[in-house]
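Chemist: Spelled out, the chains give:
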Amino acid sequence: ILNVEQSPQSLHVQEGDSTNFTCSFPSSNFYALHWYRWETAKSPEALFVMTLNGDEKKKGRISATLNTKEGYSYLYIKGSQPEDSATYLCALGQAGTALIFGKGTTLSVSS
Amino acid sequence: GAVVSQHPSWVICKSGTSVKIECRSLDFQATTMFWYRQFPKQSLMLMATSNEGSKATYEQGVEKDKFLINHASLTLSTLTVTSAHPEDSSFYICSALDRGSHGYTFGSGTRLTVV
Numbered sequence: 058i059l060n061v062e063q064s065p066q067s068l069h070v071q072e073g074d075s076t077n078f079t080c081s082f083p084s085s086n087f088y089a090l091h092w093y094r095w096e097t098a099k100s101p102e103a104l105f106v107m108t109l110n111g112d113e114k115k116k117g118r119i120s121a122t123l124n125t126k127e128g129y130s131y132l133y134i135k136g137s138q139p140e141d142s143a144t145y146l147c148a149l150g151q152a153g154t155a156l157i158f159g160k161g162t163t164l165s166v167s168s
Numbered sequence: 192g193a194v195v196s197q198h199p200s201w202v203i204c205k206s207g208t209s210v211k212i213e214c215r216s217l218d219f220q221a222t223t224m225f226w227y228r229q230f231p232k233q234s235l236m237l238m239a240t241s242n243e244g245s246k247a248t249y250e251q252g253v254e255k256d257k258f259l260i261n262h263a264s265l266t267l268s269t270l271t272v273t274s275a276h277p278e279d280s281s282f283y284i285c286s287a288l289d290r291g292s293h294g295y296t297f298g299s300g301t302r303l304t305v306v
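From first to last, the protein sequence lines are chains A and B.
The numbering of the first sequence is my numbering, which starts it at 58 and goes up by one.
The numbering of the second sequence is my numbering, which starts it at 192 and goes up by one.
Looking at chain A on its own, in the form it has when it is part of the complex:
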């Protein structure tokens, strides 16, 4: 059974702080890693899909890196804003099959 670990489980930062989360996964048979942003009562929003070792992707103040050889991905948020408060999920994917999720990291940003 594939196991996706996310850390920390939760964190609280001040507006303007930069922060990062970790997603760890088995490095064998890697296909794709997905990052989602999930606000309460809304649908999870896709942030990134990463497939290649060394991939780096950026969307505004959010960026992510991928290391498939050692089995981890980092998500970075630069200059956190209150609207960044959400749960960030990472998930392993195979082509056309269901995603396998970690438990998520819940970020709270205070103004």
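In case anyone wonders, no lab produced these hints; they're calculated from the structure.
A few of these clues could be false.
[Unchecked claim] List of simulated lysine-lysine pairs, DSSO-like, C-alpha gap at most 30 angstroms:
id, chain 1, residue 1, chain 2, residue 2
1, A, K160, B, K257
2, B, K232, A, K115
3, A, K160, B, K232
4, B, K246, B, K205
5, A, K160, B, K211
6, A, K126, B, K255
7, B, K255, A, K99
8, B, K232, A, K116
9, B, K232, A, K99
10, B, K232, B, K211
11, A, K115, A, K160
12, B, K211, B, K246
13, B, K232, A, K126
Chain A is already provided as a structure; the job is to place chain B on it using the hints.
Modeler: Same frame as chain A, but now just chain B:
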């Protein structure tokens, strides 16, 4: 972008009754729908996978006679929790696979409370 509409967003039902949850893909054709549930402080766990026009495939430990899935069209899939019991209280969410983009689009989830 692609949208999946999931209803209801929350429901309270009495023990022994059935509850139907709907997921509609609004602007794309969902070849495959995945149904997940999430217990407190746990990850989203796959319950079943349904392909349009086919019987659903259930994960180990998920009772197919209790969680009835219908995927009769490319835009609608339903999950019916039959004879619900308090232990079925959970958060249920669907995820559609877009045949065109191969991306996954999620509904907003349903919080089920069985009393």
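Chemist: So, for every hint listed, does it hold in this structure?
Modeler: Here is what the structure says about each hint:
1. A/K160 with B/K257: holds (26 angstroms)
2. B/K232 with A/K115: holds (29 angstroms)
3. A/K160 with B/K232: holds (7 angstroms)
4. B/K246 with B/K205: Given pair B/K246, B/K205 holds - Cα atoms ~28 angstroms apart, limit 30 angstroms.
5. A/K160 with B/K211: Holds, at roughly 26 angstroms.
6. A/K126 with B/K255: violated (38 angstroms)
7. B/K255 with A/K99: OK: B/K255 and A/K99 at ~28 angstroms, within 30 angstroms.
8. B/K232 with A/K116: The hint holds at about 28 angstroms.
9. B/K232 with A/K99: OK: B/K232 and A/K99 at ~18 angstroms, within 30 angstroms.
10. B/K232 with B/K211: holds (25 angstroms)
11. A/K115 with A/K160: holds (23 angstroms)
12. B/K211 with B/K246: holds (17 angstroms)
13. B/K232 with A/K126: Satisfied, since the Cα-Cα distance of roughly 29 angstroms is no more than 30 angstroms.
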